[in-house]
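Trainee: Construct the entire structure; sequences and hints are all you get.
For the sequence shown, position 63 (counting from the first letter as 1) is numbered 63 according to the numbering used here, and the numbering increases by one without interruption.
No lab work stands behind these hints, which were simulated from the structure alone.
Positions of the beta carbon are idealized from the N, C-alpha and C atoms, including for glycine.
Mixed in with the good hints, there may be bad ones.
Estimated spans, in silico, between C-beta atoms of each pair [said to hold, decoys possible]:
no., residue 1, residue 2, range
1, Arg22, Ala44, 31 to 37 Å
2, Ser27, Asp50, 32 to 38 Å
3, Pro16, Ala56, 56 to 62 Å
4, His17, Glu43, 35 to 41 Å
5, Leu48, Met21, 39 to 45 Å
6, Ala23, Arg57, 50 to 56 Å
7, Asn14, His52, 52 to 58 Å
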Amino acid sequence: MWELSLNECNHTLNEPHLAQMRAELVSIGEKERILRERSADREAYRYLLDAHRLIARASHLPEQVLNISPPGGDKNGQLAA
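Mentor: If you want it as C-alpha coordinates, here you go:
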(Lines of atoms letter the chains of each structure in order from A and count residues from 1; the text may use other names and numbers.)
(Lines give C-alpha, C1' and ligand atoms only; values in the text may rest on other atoms or scores of the structure.)
Protein backbone atom coordinates (compact mmCIF):
# COMPACT_ATOMS: atom_id res chain seq x y z
CA MET A 1 0.00 0.00 0.00
CA TRP A 2 2.79 2.39 0.91
CA GLU A 3 4.61 1.66 -2.37
CA LEU A 4 1.48 2.43 -4.38
CA SER A 5 1.09 5.83 -2.73
CA LEU A 6 4.79 6.59 -3.17
CA ASN A 7 4.69 5.62 -6.87
CA GLU A 8 1.62 7.79 -7.45
CA CYS A 9 3.38 10.70 -5.78
CA ASN A 10 6.51 10.23 -7.89
CA HIS A 11 4.38 9.93 -11.01
CA THR A 12 2.60 13.22 -10.38
CA LEU A 13 5.85 14.92 -9.49
CA ASN A 14 7.45 13.72 -12.69
CA GLU A 15 4.60 14.73 -15.03
CA PRO A 16 5.80 18.34 -15.45
CA HIS A 17 9.33 17.05 -15.93
CA LEU A 18 8.12 14.53 -18.53
CA ALA A 19 6.14 17.23 -20.32
CA GLN A 20 9.26 19.40 -20.41
CA MET A 21 11.30 16.51 -21.80
CA ARG A 22 8.67 15.86 -24.48
CA ALA A 23 8.72 19.52 -25.46
CA GLU A 24 12.52 19.42 -25.70
CA LEU A 25 12.34 16.30 -27.89
CA VAL A 26 9.86 18.02 -30.21
CA SER A 27 12.17 21.04 -30.36
CA ILE A 28 15.17 18.83 -31.14
CA GLY A 29 13.19 17.05 -33.87
CA GLU A 30 12.22 20.38 -35.41
CA LYS A 31 15.84 21.58 -35.34
CA GLU A 32 16.99 18.35 -37.01
CA ARG A 33 14.34 18.78 -39.74
CA ILE A 34 15.49 22.35 -40.41
CA LEU A 35 19.13 21.27 -40.57
CA ARG A 36 18.27 18.49 -43.05
CA GLU A 37 16.41 20.98 -45.25
CA ARG A 38 19.30 23.44 -45.13
CA SER A 39 21.73 20.65 -45.96
CA ALA A 40 19.61 19.65 -48.97
CA ASP A 41 19.46 23.29 -50.07
CA ARG A 42 23.24 23.60 -49.80
CA GLU A 43 23.71 20.38 -51.76
CA ALA A 44 21.43 21.65 -54.55
CA TYR A 45 23.31 24.96 -54.58
CA ARG A 46 26.65 23.13 -54.87
CA TYR A 47 25.30 21.04 -57.74
CA LEU A 48 24.12 24.14 -59.63
CA LEU A 49 27.38 25.95 -58.92
CA ASP A 50 29.40 23.00 -60.24
CA ALA A 51 27.22 22.87 -63.36
CA HIS A 52 27.75 26.60 -63.90
CA ARG A 53 31.51 26.19 -63.52
CA LEU A 54 31.56 23.34 -66.04
CA ILE A 55 29.57 25.37 -68.55
CA ALA A 56 31.85 28.38 -68.04
CA ARG A 57 34.95 26.24 -68.60
CA ALA A 58 33.43 24.57 -71.66
CA SER A 59 32.62 27.92 -73.22
CA HIS A 60 36.33 28.80 -73.16
CA LEU A 61 37.42 25.60 -74.92
CA PRO A 62 37.92 25.51 -78.67
CA GLU A 63 35.11 23.96 -80.71
CA GLN A 64 37.35 21.11 -81.84
CA VAL A 65 37.91 20.03 -78.24
CA LEU A 66 34.21 20.17 -77.40
CA ASN A 67 33.22 18.12 -80.47
CA ILE A 68 29.74 19.61 -80.35
CA SER A 69 28.71 18.56 -83.84
CA PRO A 70 26.36 15.57 -83.96
CA PRO A 71 27.75 12.27 -85.19
CA GLY A 72 27.71 12.13 -88.98
CA GLY A 73 27.26 15.89 -89.32
CA ASP A 74 29.50 18.75 -90.28
CA LYS A 75 30.46 21.84 -88.24
CA ASN A 76 27.07 23.45 -88.90
CA GLY A 77 25.17 20.41 -87.69
CA GLN A 78 24.17 19.40 -91.25
CA LEU A 79 24.09 15.70 -91.95
CA ALA A 80 26.41 14.48 -94.69
CA ALA A 81 24.62 13.47 -97.90
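Trainee: Hints first: check each against the structure and report whether it holds.
Mentor: Quick rundown of the hints versus the structure:
no. : hint                      : result
1   : Arg22 - Ala44: 31 to 37 Å : 33 Å, holds
2   : Ser27 - Asp50: 32 to 38 Å : 35 Å, holds
3   : Pro16 - Ala56: 56 to 62 Å : 59 Å, holds
4   : His17 - Glu43: 35 to 41 Å : 39 Å, holds
5   : Leu48 - Met21: 39 to 45 Å : 41 Å, holds
6   : Ala23 - Arg57: 50 to 56 Å : 51 Å, holds
7   : Asn14 - His52: 52 to 58 Å : 56 Å, holds
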